[in-house]
Amino acid sequence: MAFWDYANPTRFLRFVQVVLPWLTGLCLLLFAVGLYMSFFVAPEDYQQGDTVRIMYIHVPAAWLCMMCYSVMTLSSIGTLVWKHPLADVSAKSAAPIGAAFTFMALVTGSLWGKPMWGTYWVWDARLTSVLVLFIMYLGLMTLWRTMEDPIKAGKAAAVLTLVGALNLPIIKFSVDWWNTLHQPASVMRFDGPTIHPDILWPLLVMAVAFTLMFFVLHLMAMRNEILRRRVRALRMRAASAAQPGPAGAAQPAE
Amino acid sequence: MTGWAMALFQRDLRLSVRVGGSALVGVLFFLAVVTVIPFGVGPDLNLLARIGPAILWIGALLATLLGLDRLFQADRDDGTLDLMLMAGRPLELVVLIKCLAHWTATGLPLVVAAPVLGIFLNLDPVSMAAVTATLLVGTPALTLIGAIGASLTVSLRRGGLLLAVLVVPLAIPVLIFGVSSADAAIRDPVPFLTPFLILCALSLIAAVVGPIASATALRFASD
Amino acid sequence: MFQNLSFTLSQGTALVVTGANGIGKSSLLRTLAGLVALAGGMIRYESGEDDRPAHEHAHYFGHQDSVKPALSVLENLEFWQSFTAPTAAAGFAGEPRKPMEALELLGIGHTAHLPAAYLSAGQKRRLSLSRLLVTARPIWLMDEPTSALDKNSEALLLSLMNGHLEAGGLIVTATHTELALTKIQTLHLEAAQPAEQALEEGFL
Amino acid sequence: MDLGPHAGFILASYGLCLLTVLVLIAWVRLDKVAQEKALNDLADQGIKRARPEDGSTQVS
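Residue numbers (my numbering), protein chains in the order written: chain A, 1 to 254; chain B, 1 to 223; chain C, 1 to 204; chain D, 1 to 60.
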């Protein structure tokens, strides 16, 4: 089963080596197409004018910050239940990327809100729950930083990640459950998207491009994390190794 | 600055930035406090704008207090403090430099984060700048006053809460003048400079009193 | 804490403090180190610098290693080298060593750039000991210096201590084991009458 | 291309996103360089992995 094949870090690194160039190329291509479409193909909104173009990065970033947390949640289950050796590597390296996507979603939302709502920030359910997600990401990153032993840190962080996953449905349904300024979902709906194809297509292309970017960065960060653990293990061995060479000075003078 | 002082400053900065250090936890706590307040007082943006400077100041005070309990304790736990007492360097200066390093690692990030958090509280640019300026000159005073509490509670296992109780009364003047000068910048007729200069003076006084008091406390704590 | 305690130590001599557990060997060393205030009496170091108290002429090598796990081994040592003020004394010819040299001498040179967190207990102990070599101070106060050290390191420690004595330094050490030092004076601590032991008894 | 009265907001959001992505890429790159340097430093000291790099060995 492929899932367990990649439990071997060395094998995983080889897999990354093969896959990464293709993913990166595809990601760049999609970004080129998506950015072109969002500026030149997509029409301006009859109400919002050109500001609607912020949507093509805002919405993918918002999706991705939730998907990234879902990846971390799955990885946490992997750490606690299946004891997969790469699970906490995956969770740890996803956190900064997730925090960055959340930051992007917050910033673009804020810059979109100013011309539309007249303020950079309101404390409504959607915005607040995403801000809470941002704090969760930062908290998890800090937890990993404060604990020296990666195995222990991984387990602690996995527990926290699972508890924090409660926030995901709150973010998703906040626009339906509470009355907010934020507009309700228009793409991810059970009865199909409600927006015009000229807007939908650039959005989908950008969303796929963002997703690929997440996987590229995530694989690279996981590779770094594996190397970091390797360095740690080797350093421990280096410390316990005897003094190399005939250290004459180390002999006590009788 | 002489060599030993630089070495101490660098060491403390490195320790708080590296794995196990607490450099950015304070900012995160600051962010958490500011996020929680609108849940308590309600999301009314006008109200938040009015009490925004106060929220930021209280957040900064709590974040500073929270990070202070390890200021001397970590060094006491592994015997470093004993060696520092014997090193032949003026202990008051040692304390001052440790406070400076601690402020650079934990207080300065609060100041940098303040304008961003101001957006959440609907502050206008003028009051944002005013709050940031007052925090810049005020938070060193909080760290220096807090150092007194940190040295008094250095030998206690759970000194954190006691530290906060001891320090908060001493920190009240800083809070008063910090918030009032930030407010003065928003409401026109009140001069900004008067409370601001008092705040600066408080920081300078704390830079003298704090190290002397906590050095004395540390000497008593060694036996 | 102590009664009728008085001793004089001349250059190049080691004072070995013996006595039962809990008798106050460690407290005596901490008092000499200036970490415990004297209730009465005085400590004087005659050949030292006039403007510095006796304890600033001393290195204290106690039970705790004062090693920061987040710093590298070399960073740990270099900090103590620049932070501890060297002190001179008439007739003391000890020369400070370079940090790397001291680490090599103690057999942990290969760990210099590793975080100290990776060191074993014995290696941390040796790192702590290297502190005494990089700043010259005429008095070494050593509390159970051989604990957590293996046979080789113990022999090395003794040669370092003898070297310090030859250079005209003083050593005061509390120990349970026999130490093969060149010039030894022994101080044996004994329990006083229980009623006289504690200051608090005065309130009875 | 005319982005209307709110061009500043649009460009700022795209710019800040680009900046964030660049920071992420820089973090990943620099981290890799740092870890590889640490591995090389250790290899110079003669501390290497026991298992060869081909990955043919199976972790039991």
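Calculated directly from the structure, the hints in this document are not laboratory data.
Computed from a predicted model, the values in this text were never measured in an experiment.
Wrong hints could be hidden among the right ones.
Claimed, not checked - So, partial list: chain B residues that the calculated Cβ filter (under 10 Å) puts toward chain A:
1) I51
2) V165
3) V168
4) S222
As the list claims (entries may be wrong) - Pairs of lysine-lysine, DSSO-like flavour, derived with a Cα cap of 27 Å:
5) D:K37 to A:K114
6) A:K155 to A:K83
7) C:K98 to C:K151
8) D:K48 to D:K32
9) D:K37 to D:K48
10) D:K32 to A:K114
11) D:K48 to A:K152
12) A:K83 to D:K32
Using N, Cα and C, we set each Cβ at its ideal position, and we do this for glycine too.
Here's how the hints hold up against the structure:
1. I51: violated, 14 Å
2. V165: violated, 25 Å
3. V168: Violated, about 25 Å.
4. S222: violated, 28 Å
5. D:K37 to A:K114: violated, 46 Å
6. A:K155 to A:K83: Judged against 27 Å, a Cα distance of about 10 Å means the pair holds.
7. C:K98 to C:K151: holds, 25 Å
8. D:K48 to D:K32: Given pair D:K48, D:K32 holds - Cα atoms ~18 Å apart, limit 27 Å.
9. D:K37 to D:K48: holds, 13 Å
10. D:K32 to A:K114: The hint is violated at about 39 Å.
11. D:K48 to A:K152: Holds - the C-alpha atoms of A:K152 and D:K48 are around 25 Å apart, at most 27 Å.
12. A:K83 to D:K32: holds, 26 Å
Hint compliance for this structure: hints 1, 2, 3, 4, 5, 10 are not met, and every other hint is.
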